[in-house]
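Asker: Read off the chains here:
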Amino acid sequence: MLASLLRILTLIRKELLVILKDPKSRASLVVPPILQCLIFGYAATYDLNSVPYVLVDQDRSTASIALVAKLEGSGLFQRQGTFTQTEQAAPLLDAGRVMVIVVIGPRFERDLQAGAPAPVQVIADGRNSNTSGIAQGYASSIISDFAAARQAETGAKGAAVKVSTRAWFNPQLETRWSMVPSLIGTITMMMTMMLTAMSVAREREEGTFDQLLVAPFTPTEIMIGKAVPSMIVGITQASAILLVALFWFRIPFAGSVLTLYAGLALFLAAAIGFGLFLSSLAGNMQQAMILCFVFLMPFMLLSGLVSPTDNMPTALQYLTMINPLTYAIRITRTVYLEGGQFAELLPDMLALVVIAAVTMPIAAWMFKHRLN
Amino acid sequence: MEDRPLTLVARDLRKTFRRDTGEAVEALAGISLEVRKGALTALVGPDGAGKTTLLRLASGLVAPDSGSLEVVGLDVSAEPQAVQDRIGYMPQRFGLYEDLSVQENLDLYADLHGVTGARRAEIYPRLFEMTQLGRFKQRPAGKLSGGMKQKLGLACTLVRAPELLLLDEPTVGVDPLSRRELWEIVFKLIREDGLSVLVATSYLDEAERCAHAVLMHAGKILAEGPPAEITAKAEGCCFLVKGPQGLPARSLQARLFALPGIVDAVPEAGRVRVVRQPGQLDTALEIAGLSLDTEPVEPRFEDAFMMLFDSVAEERARVSHGTIVAGGSGPHGETVVEVHDLVRMFGDFTAVDHVSFSVRRGEVYGLLGPNGAGKSTTFRMLCGLLPATGGTLKVAGADLLRAGAKARARLGYVAQKFSLYGQLTVDENLEFFASAYGLRGSGKKDRIRALKNDFALENLSDLPSGQLPGGFKQRLALAAALLHEPDILFLDEATSGADPIARRQFWGRITALSEQGVTVIVTTHFMDEAEYCDRIIILDAGKNLAEGTPLEIRQQAAMSDETAPSMEEAFIAIVERERLKRTEKAA
Numbered sequence: 044m045l046a047s048l049l050r051i052l053t054l055i056r057k058e059l060l061v062i063l064k065d066p067k068s069r070a071s072l073v074v075p076p077i078l079q080c081l082i083f084g085y086a087a088t089y090d091l092n093s094v095p096y097v098l099v100d101q102d103r104s105t106a107s108i109a110l111v112a113k114l115e116g117s118g119l120f121q122r123q124g125t126f127t128q129t130e131q132a133a134p135l136l137d138a139g140r141v142m143v144i145v146v147i148g149p150r151f152e153r154d155l156q157a158g159a160p161a162p163v164q165v166i167a168d169g170r171n172s173n174t175s176g177i178a179q180g181y182a183s184s185i186i187s188d189f190a191a192a193r194q195a196e197t198g199a200k201g202a203a204v205k206v207s208t209r210a211w212f213n214p215q216l217e218t219r220w221s222m223v224p225s226l227i228g229t230i231t232m233m234m235t236m237m238l239t240a241m242s243v244a245r246e247r248e249e250g251t252f253d254q255l256l257v258a259p260f261t262p263t264e265i266m267i268g269k270a271v272p273s274m275i276v277g278i279t280q281a282s283a284i285l286l287v288a289l290f291w292f293r294i295p296f297a298g299s300v301l302t303l304y305a306g307l308a309l310f311l312a313a314a315i316g317f318g319l320f321l322s323s324l325a326g327n328m329q330q331a332m333i334l335c336f337v338f339l340m341p342f343m344l345l346s347g348l349v350s351p352t353d354n355m356p357t358a359l360q361y362l363t364m365i366n367p368l369t370y371a372i373r374i375t376r377t378v379y380l381e382g383g384q385f386a387e388l389l390p391d392m393l394a395l396v397v398i399a400a401v402t403m404p405i406a407a408w409m410f411k412h413r414l415n
Numbered sequence: 025m026e027d028r029p030l031t032l033v034a035r036d037l038r039k040t041f042r043r044d045t046g047e048a049v050e051a052l053a054g055i056s057l058e059v060r061k062g063a064l065t066a067l068v069g070p071d072g073a074g075k076t077t078l079l080r081l082a083s084g085l086v087a088p089d090s091g092s093l094e095v096v097g098l099d100v101s102a103e104p105q106a107v108q109d110r111i112g113y114m115p116q117r118f119g120l121y122e123d124l125s126v127q128e129n130l131d132l133y134a135d136l137h138g139v140t141g142a143r144r145a146e147i148y149p150r151l152f153e154m155t156q157l158g159r160f161k162q163r164p165a166g167k168l169s170g171g172m173k174q175k176l177g178l179a180c181t182l183v184r185a186p187e188l189l190l191l192d193e194p195t196v197g198v199d200p201l202s203r204r205e206l207w208e209i210v211f212k213l214i215r216e217d218g219l220s221v222l223v224a225t226s227y228l229d230e231a232e233r234c235a236h237a238v239l240m241h242a243g244k245i246l247a248e249g250p251p252a253e254i255t256a257k258a259e260g261c262c263f264l265v266k267g268p269q270g271l272p273a274r275s276l277q278a279r280l281f282a283l284p285g286i287v288d289a290v291p292e293a294g295r296v297r298v299v300r301q302p303g304q305l306d307t308a309l310e311i312a313g314l315s316l317d318t319e320p321v322e323p324r325f326e327d328a329f330m331m332l333f334d335s336v337a338e339e340r341a342r343v344s345h346g347t348i349v350a351g352g353s354g355p356h357g358e359t360v361v362e363v364h365d366l367v368r369m370f371g372d373f374t375a376v377d378h379v380s381f382s383v384r385r386g387e388v389y390g391l392l393g394p395n396g397a398g399k400s401t402t403f404r405m406l407c408g409l410l411p412a413t414g415g416t417l418k419v420a421g422a423d424l425l426r427a428g429a430k431a432r433a434r435l436g437y438v439a440q441k442f443s444l445y446g447q448l449t450v451d452e453n454l455e456f457f458a459s460a461y462g463l464r465g466s467g468k469k470d471r472i473r474a475l476k477n478d479f480a481l482e483n484l485s486d487l488p489s490g491q492l493p494g495g496f497k498q499r500l501a502l503a504a505a506l507l508h509e510p511d512i513l514f515l516d517e518a519t520s521g522a523d524p525i526a527r528r529q530f531w532g533r534i535t536a537l538s539e540q541g542v543t544v545i546v547t548t549h550f551m552d553e554a555e556y557c558d559r560i561i562i563l564d565a566g567k568n569l570a571e572g573t574p575l576e577i578r579q580q581a582a583m584s585d586e587t588a589p590s591m592e593e594a595f596i597a598i599v600e601r602e603r604l605k606r607t608e609k610a611a
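Protein chains in written order, with our numbering: chain R, 44 to 415; chain P, 25 to 611.
FYI, nobody ran anything at the bench for these hints, they're computed from the structure. Keep in mind it's a predicted model, so treat the numbers as computed, not measured. The C-beta atom is built at its ideal place from N, Cα and C for all residues, glycine as well. Careful, some of the hints might be misleading.
[As the list claims (entries may be wrong)] If you want the footprint, here are the derived chain R segments under chain P, 3+ residues with CB under 8 Å:
hint : segment
1    : 55–69
2    : 250–258
[Claimed, not checked] Below, simulated DSSO-like cross-link-like pairs (lysine-lysine); rule was C-alpha separation at most 27 Å, straight line:
hint : chain 1 : residue 1 : chain 2 : residue 2
3    : P       : K418      : R       : K411
4    : P       : K441      : R       : K411
5    : P       : K441      : P       : K430
6    : P       : K430      : R       : K411
7    : P       : K212      : P       : K244
8    : R       : K64       : P       : K257
9    : P       : K244      : P       : K266
10   : P       : K244      : P       : K257
11   : P       : K257      : P       : K418
12   : R       : K64       : P       : K430
13   : P       : K167      : R       : K411
14   : R       : K64       : P       : K476
15   : P       : K212      : P       : K61
16   : R       : K64       : P       : K468
Full structure from sequences and hints, please.
Answerer: Next comes the structure, spelled out in C-alpha cells:
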C-alpha cells in the first residue's frame, strides 16, 4: 500500500515536472484561461448597446412624438430615417443597415386616449434572430413602459398598447453575470481534457508509456498519476477565472467557496476521466487532439452554457445527462449567483461522481489492453 | 579517380552551435575537403564528429561561421537555392508523409521540385524498378518497413536527378537485406548515371566500398584516402585470438579490449579479432597468466579505423570485469525465459508464427531478422506489452502480461527509441526511474551516482535528455534500465544509430552484466554484434529459420562452401534460402 502510494507520488512528481518545467508551457496553462475568460466575458454577451432603427410614424401626434422621445431617450435606439410608409423603410432593413422598424399606426393617439389597444408594430430582421429578437424585446418593453406611464397619467383602463413580445425582458440584466461563472467549468474542462489526453498520447508516441507499463506501476497507479496533476492544474485555472470574475468583472459571490470547490473537484475528476478515456482510444497526439475537439464541441453546446437544456429535444436531453459540463455549470451558477447550498446540489455532485467512476476505470483498463 | 573534376570544395570550414544550457559546441573545427565527381565519398567517424553538420552546410541549410564552400561549382553561401536545385539531400529522418501512399509521396516531391509530365514518365518506372516499390504504390508510407521507407526516401530525393547526392546515415535501422538493396541502387546510379555521392555512415563495411573515405573526429579530418590505403595502416597488427575452453568469446573480448596496447577487440566466430598497437607487437598476449594462441590475419577497414581513433581518443571508457567465473552461469544455468509455440496474429496477418526458444541465466540471446520479421512483436509479448494469440511464454517463471508488479520489477527494458522524458534532465530521468522501481533515500542516490559514473554522464546532469547526442541518449536509457539491478534485460535495437566506438563500450557493459548472472535478450541489425551472443535465433515472416551459436549459424549457412562467411553473409544466405523455398512451395 505504502509502496503503491510512493509510486503514485513518483508519477505525480514526474508529470508536474514535465508540465511545469518549461516557462512557456507554464505560462500556457494560466494565461490562455484568463484571456479566454476576458474575451468571453466581453464578447459573449446578449446585451445590445446600440440598435439602429427607422421610424414609420403614420400618426404624427403628440403621443407618437412622446413615444419616439422615450425610445431614443433610452440611448439604445439610433434613428436612421423617418418615413410615413412601411414600404419606404423596408429597403434599409433588407440592406441590413437597421435592425428594427418601428411602425406607429395612424390612430395611435386616438386609440390611446380612447383606451382602445393602440397598434405599434416592431418589425425585426429575422435573419439574425438572436440579436433582432433582443432589439425587438427592448423596443417592446420601452413601449410598454411608455403605455403604462401614459395610462397612469390619464387614468385610462384596459389594454393600452398592443405589443407584447418578450415584455418580461429586463434591459438591466447583464448576460455577463450568468456567463462568466459558467466559464469556470467550461474553460477548465477544455484545458484539462486536452492536457490529460495529450500527455498520455505524447508518452505513447515517445515510447515512455511502454516504459511505464513495463515498470512495476499498475494501470490504476498510472491513471491516478495522470489524473492528479491535471486536477491540480484544473483547480489552479478555475481559481484564476474565479478571481477574474470577482475582481475584474466584479460579479458578487453569493455562496460558499467550499461548496464551489467541492463541486469543481468532482467536475474535474469527471472531465479528466473523459480525457483519460479519450487518450486510451488515441494512438498518437494528433488523434488525441481530434478526439478532444469532437467531444468538446457537443459538450459545450449540450451544457446549458448558450441555450437552456430544457428546450432541447428529448434525445439530446439524455445526452446532457452524461455531460459533466451540464452539472458544473448548474453548480457554479447556483453557488455563485444564488448562494445555493451543498444539499440542494447533491444530485449534481453525485452525477459527477458516477461519470468519474465509470470513465476512469475504463481508461485504466484500456491502458493495458489496448491492442496496437 | 584522382583526375576526376571536383563537385565539392571546402576550405577551412568552421561551425559552432550553442546548446540550450549555453554551452558552445564546435561541430566543425576547420575542415578542408575535396569531393570528386562520379564517385562515392564516405564520411566516417564517431557521433559528434561533425558529419551531419558538414552535409547540412553542403546542402545550404546552415551557413558556416567561416571558411568557403563550393558545391557543383557554386558558392553555397551566396546561392543556396541554386545549389539546392542541383543536389539531392536525404537527412537521417527523411520527411515522408506517413498517411500518403508511396505514389502520392513521390508525386508530392516531384511537384515540389517542378518535375512534370514527360520527365516523370521517364523517371518513375526506373525509380520503381530500382527500389522494387512498384508493388506497393498504393500502400501508405507509414505502413512500410524501415528498409522500404528509406528506399522511398531515396526515390523522392532522386526524382529530379540531382548532380550530387548527400546521404546522412541512410541505413540506420535498416536490416542487412534492405541495406544491401539500398546500396545496390546507389552503386547503380554511380555506375550508369555518373552520379556523385557523399554519404555519412557508421557502418564501416559501407565505407570500405567507397572510392574515397574521410575519417572525421571532433570536427576535424583525421585521415582520408582510398579505403585500401587506409586499411593498409593496420597491416601486420591484426590477429585472431583463441581463448581457453569454455570462456565465451565476449568475455575474452572484454578482457583483451581492456589490456594496454590493444587498439580493438571484437568477437568473431567463437574467437576474438584483435588489433594491436604497432609498437607493442613483440609482447605475448596473456590473460590471468594464460598465454593465448594468436593467428595473424589480413586487416579490414574497421581495424584501421579503430587504430586511427585510438591515437586521438581520450581515455577509453574502461569497463571493469571481475575474475572469470567458470560454470554457474551461461548455458549451464537455470532456464529464465521460456517461449513455447508462440503465435501472434494481427487480423489475418501472422506476425509471429509458432516460435519456441528458451534462454538460461547469464546467457546473451540474440533475436535477428529483417524488418518486419516479428522480432519487436516477440519482444513486446515477452515484456508483457502485447497479449499473445497462442502459445505460452514465461519470463522469470511468470507471464508478464498477467503478472503483478513484483515480477516486472525483475526486468529492465530499453526500447528502440531510447524512450526517455525529453524535457526532463538526465538527473530527473534517473530519479524518476529509480523511484519507479522503489529505490529510496541514500540507496537511490548511491545507485544513481554509480551509474552516472559508469556511463560517463556526470557532466551532463542538467542537460534535458532530449538534447543529448545520440550515443549519450542510448547510455542514459541503458543506465535507467539498470538502476534497479534487473535479472533480465531486454534490449530492442539498443545500438541502432550508434557509432562503432559506442557500440564496443555498450557490449563491454553487456558482457560485464552477463558475467554477474544477468540474462540479456537483444535484437539488432548489426550482424557483427550477433558474435557477442551465446546463441541467436533468426526470424523471418514470423518463423524460426535457424537457432544456435554464432559459429553454428555460420556453418549452417556455409553448406558445402569452405570459406566461413561473415555473420552478415550467413544471415542473408539463410533468409534468402528460406524465402526461395517458400516461393517455390507457393508456385
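Asker: Each of the hints needs a verdict: does it hold here or not?
Answerer: Now for the hints, and whether the structure bears them out:
For the segment 55–69 of chain R, the proposed coverage by chain P is satisfied: 6 residues have a C-beta within less than 8 Å of a C-beta in that chain, meeting the threshold of three. Counting residues of the segment 250–258 of chain R whose CB lies closer than 8 Å to any CB of chain P gives 8, which reaches the minimum of 3, so the coverage claim holds. Of the supplied pair hints, the one linking P:K418 and R:K411 holds, its CA atoms being roughly 19 Å apart against a limit of 27 Å. Using a Cα cut-off of 27 Å, the hinted pair P:K441 and R:K411 holds, with the two alpha carbons roughly 20 Å apart.
Between the alpha carbons of P:K441 and P:K430 the distance comes to roughly 25 Å, so the proposed pair stays at or under 27 Å and holds. For the suggested pair P:K430 and R:K411, the alpha carbons sit about 17 Å apart, so the restraint of at most 27 Å is met. At roughly 31 Å between alpha-carbon atoms, P:K212 and P:K244 are farther apart than 27 Å, so this suggested pair is violated. For the hint pairing R:K64 with P:K257, the CA-to-CA distance comes to about 51 Å; that exceeds 27 Å, so the pair is violated.
Proximity of P:K244 to P:K266 is assessed by CA-CA distance (about 37 Å); at most 27 Å being required, the pair is judged violated. Distance restraint check for P:K244 and P:K257: the Cα-Cα separation of roughly 19 Å lies within the 27 Å cut-off, and the hinted pair is therefore satisfied. At roughly 50 Å between alpha-carbon atoms, P:K257 and P:K418 are farther apart than 27 Å, so this suggested pair is violated. The hinted pair formed by R:K64 and P:K430 fails the criterion: a straight-line CA distance of about 32 Å is larger than 27 Å.
Annotation: proposed proximity of P:K167 to R:K411 holds, straight-line Cα distance about 24 Å (limit 27 Å). For the hint linking R:K64 to P:K476, the alpha-carbon distance of about 23 Å falls within 27 Å, and the restraint holds. With a C-alpha separation of about 15 Å, the suggested pair P:K212 and P:K61 falls inside the 27 Å cut-off, and the hint holds. Annotation: proposed proximity of R:K64 to P:K468 holds, straight-line Cα distance about 23 Å (limit 27 Å).
Going through the hint list in order, the structure does not satisfy hints 7, 8, 9, 11 and 12.
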